[in-house]
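Peer 1: Residues per chain are reported as follows:
2 protein chains.
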Amino acid sequence: MPQPYRAPLRDMQFVLRELAGLDEVAKLPGFEEASDVADAVLEEAAVFASEVLDPLNAPGDREGCTWRNGEVTTPKGFKEAYKQFARAGWIGLPVPGEYGGQGLPQLMVGPTHEMWSAANLGFSNGPGLNQNAIETLELTGNDEQKHHYIPKLVSGEWTGTMNLTEPQAGSDLAAVRTKAIPDGDHYKISGQKIFITFGEHDLSQNIVHLVLARLPGAPEGTKGISMFVVPKFLLKADGSLGERNDVWCASIEHKLGINGNPTCTMNFGEKTGGAIGHLVGQPHRGMEYMFIMMNAARYGVGVQGIGLADRAYQSALAFAKERVQGRDLKDMASRSAPPVTIIHHPDVRRMLMSMKAQIEAMRALAYVTAASLDIANRHPDEKVRAEHKAFIELMTPVVKGWSTDTAIEICSTALQVFGGMGFIEETGIAQQYRDVRITSIYEGTTGIQALDLVGRKLLRDMGKTAMRVVGDMKTFAATLESSTDPDVLAIREQFVNGIDAVAAASLAIGKNAPTDIAASFACSVPYLKLWGIVAGGWQMARAAAIAEKKIAANDVESEFYKTKLATARFFADHVLSQAAWLRHEIVNGSSSVMRVSEDAFELDRKVMTPA
Amino acid sequence: MPQPYRAPLRDMQFVLRELAGLDEVAKLPGFEEASDVADAVLEEAAVFASEVLDPLNAPGDREGCTWRNGEVTTPKGFKEAYKQFARAGWIGLPVPGEYGGQGLPQLMVGPTHEMWSAANLGFSNGPGLNQNAIETLELTGNDEQKHHYIPKLVSGEWTGTMNLTEPQAGSDLAAVRTKAIPDGDHYKISGQKIFITFGEHDLSQNIVHLVLARLPGAPEGTKGISMFVVPKFLLKADGSLGERNDVWCASIEHKLGINGNPTCTMNFGEKTGGAIGHLVGQPHRGMEYMFIMMNAARYGVGVQGIGLADRAYQSALAFAKERVQGRDLKDMASRSAPPVTIIHHPDVRRMLMSMKAQIEAMRALAYVTAASLDIANRHPDEKVRAEHKAFIELMTPVVKGWSTDTAIEICSTALQVFGGMGFIEETGIAQQYRDVRITSIYEGTTGIQALDLVGRKLLRDMGKTAMRVVGDMKTFAATLESSTDPDVLAIREQFVNGIDAVAAASLAIGKNAPTDIAASFACSVPYLKLWGIVAGGWQMARAAAIAEKKIAANDVESEFYKTKLATARFFADHVLSQAAWLRHEIVNGSSSVMRVSEDAFELDRKVMTPA
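Chains A and B are the protein sequences, given in the same order. When you line the first sequence up against our numbering, it's residues 1 to 611, in that order. When you line the second sequence up against our numbering, it's residues 1 to 611, in that order.
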């Protein structure tokens, strides 16, 4: 049986309060109560995750979703859990009170979303999409749309989807072909969308599809895409449910993981020549709107990775404390020594530490980024807002790409701790390994995140934001010089190497850009990873400095802080120390990436010539 | 639909002839024809893999095995394929002619086993185990056992299994409890074994179980384990099939992958108080015998990793050449540029090169190790034999651990190239990702390989063998100094850094051993990985030096050699450059691994104290 999920509440609290500045966020207009309610929100969320969502995780994976004649049935228990989830107010956590939400900061979305994802990724994709749809409508919809749709999405009576992908338009949305023809006060939408999460299901009365499509005569490429709201059931003038719209689920996918949520092929207008939709915002600005939503969605998927990694780590830890196998190394000579639990074995301990250290670094970077989002949205000083906005834009692809790639490795490491039992589905860890694999793919693959990081975030402003963050990191690193703690000093050393590596790699990419654009982008993924370990290392170094002070002051939680310091040290020596490798790869290895021609890739398989 | 499998024949031929010294192996007694027949053997194997095994791979995964009342049915087509496989002589490839085998070198097992694994891992686990059983009986069985069992195993009429694991005895076989009670000319075996691959099936008339069990009064631990042969159907005096023995399959596992082969729980003697078995070799020497077999089995699993990685790479390459998405980076400014296949994108190219380079390095190291096995077995000079034996012992855990860990990463990278399509089971790449995951677990996890590497291979002889190999690598690296080729010089630089890292890491481990045994073993897995990339880098550097000469001589296959050189360069800059990181991790990071106490691991999850 899978291990039950227990949320890492103490570490979440540490990150929120001591690294991400919850108290500062609570000074922003409208968030006055955030700090006071935070602990209660976290504890309630932890209970909900453990008691409602977690028990449905393994059964949901086994049962999966079923499609019959266009109707999709979700796994047993999902429908009731969704009602409970909505009733408890979780969907509306960051939504303004006027729509029925709780109006809490984005910062609080980090830990709660982490818990939902860890407890049940398939389920949590539903409310995650709702939040995205709500945010998009809130920012771009007209008053009627906001008034009709958002409260119903918040209450859970209706759910939302994002309809972007088409068979020929995956990473490249410029290739979208779905059409929207004006027809009176609405549009007739026709085309096929694929990979639509919760495109059809039995959780709610209505499904609100946000759909990318082209108007007649629209420009080619991304600048000719508009956004439409296409509900499964049309709305009457008063907003109540009317007729069935011509949008149908043609099939669902048989996937490697996340079997709890249906992944649908959606046909628009196949029966009547056009599903009825309404334009959201202005014509041809759909991609821009989607990007508003996509940043939140990308951040959210990064947090999913953290949640899954943490849950897998937790399962491995419990197994390592329980499974008795082999003798302690120091007793190897004695044949009569009793066998021990495998957490005693240094290699198992190393795996556990490696998971723990990376998860804590990823969590810290993610929540710190979320706090910036709140500041960018609400700080009274425009300059402060702009700086935080630039920081979020730089960090979003990093949080998404680095956290998910690392999460995949961590889930694999966790499975490894289980040994042969890990390969048996009943243990539950195999599901984690399968489920997590989607996170580095959906909402933009790691390659797409890295393209965004290098193209839009590094090169577009000529490295200005990147160098400002490098400067901030250097300033902080300098404050560590006066420490007398050997751990803090060792951490500082690796951190400084990491900062230098980011600077050198950024420069190399910038230098290549005008003359060899392919070389400039060739190591964009290693560059993203480098940013991840260095910015994550930054947060761990900040945590170490705080821990040093708390330990010196004999804090009542000294054990917690000692563990944090040891974990930060581990991160520096085992993870951040990759910076030299990544620097070499980017600076010296970029120009060799394109050398082997497309045809030459086949030479290893050519039938042999006579010797 | 999954891509069809095409064996990498040209690269296999290159490694066999130019790196592993097939012609030298063919000078050993009994292998005189090996070089002449090698190409034909490879081509026939490639055809068999593509035409017979590959078409059963995806259907076998989907259908899986079924258990009913102790009988196990394998997927449709497996039975007929097994007959064809045996009839074509593949089971007996390395088996002496007197038992009906082909008597070819172990070197030839490398590429053929790679092809079977790539084409159909679930299937190929059957004949792989047969070869292990044959080898064990050949080396340790009495004449009657050899005479009765081996020819039937070679012909495919019977199959073999290895019964080691018990619920409480996985990595630690010292905990084996299965009993063997003397009873006349045989023994009564009773106990339960788990995770028994092909423990029960419908492919053959009889199943020959090699079983680890304890005699009454046997010493505790591994020195009290004996080996028994326990056939499913007992043999009459003339070796023909007699009565059903009391060994039954209680259930099969529901696994993450390798669904083509059953993984069985086997009950011995449950109905009659003891299955009838015969002692193999001498009492209490079962572990020693199993180790003979296990080295071959571990090598074999390393090669499985290479096969799966290569197949996944090949699928990703084909997809990258076919899938059109996005514009060429150099045309990003032009909105009218046509979309291109994704192999044009630098990040995709980097992923492909990374897979290609690592696979070629792993293949080279594996086949070179296999050639050493033939030399160690048959060379007339005892000193040469001993040196090669020591090399194999050092490299077996590296080939097993490094190739499988890397294969898991490569299959994940290949899936990434497919993007969203990779997560859909019908593409086939998800199966690779699931199947490959077992390879770093069975026949000893990577942790167990690393324990073997550090404990038995490095520390036991005080680093003598390791330092000899370091010396050999240095000698070779020195020959590269005179090159004028910038690639070769760049490769040499990374190679030298790698050699120094191995030397420094070995020294650090040796220094820790007497005072802090846990620190000595704490980074054994990074140490194994370091050996992998450096020894693999050595083979790639050798390949680069050969390529340099061939290109200078205007060889007819210059394109092949140019690609090899570019691939070796890529390996040096992107993979071998990890040496500095691993060195730091081992030398500076080992002592921090055990710092966090077992209890302190829980502190992140403690319910929050009031702030």
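None of these hints come from the bench; they were simulated from the model. Mixed in with the good hints, there may be bad ones.
One copy or two, either will do: identical chains are not told apart, so a pair holds if it fits within one copy or between any two.
What the hints assert, rightly or not - When the alpha-carbon atoms are kept at most 27 Å apart in a straight line, the in silico DSSO-like pairs for lysine-lysine are as follows: (1) K83 to K271; (2) K474 to K549; (3) K606 to K562; (4) K550 to K83; (5) K27 to K562; (6) K549 to K606.
Peer 1: State for each hint whether it applies.
Peer 2: Now for the hints, and whether the structure bears them out:
no.: 1; hint: K83 to K271; verdict: neither (32 Å within a copy, 53 Å between copies)
no.: 2; hint: K474 to K549; verdict: within (20 Å within a copy, 48 Å between copies)
no.: 3; hint: K606 to K562; verdict: between (58 Å within a copy, 15 Å between copies)
no.: 4; hint: K550 to K83; verdict: neither (43 Å within a copy, 70 Å between copies)
no.: 5; hint: K27 to K562; verdict: neither (30 Å within a copy, 63 Å between copies)
no.: 6; hint: K549 to K606; verdict: between (64 Å within a copy, 21 Å between copies)
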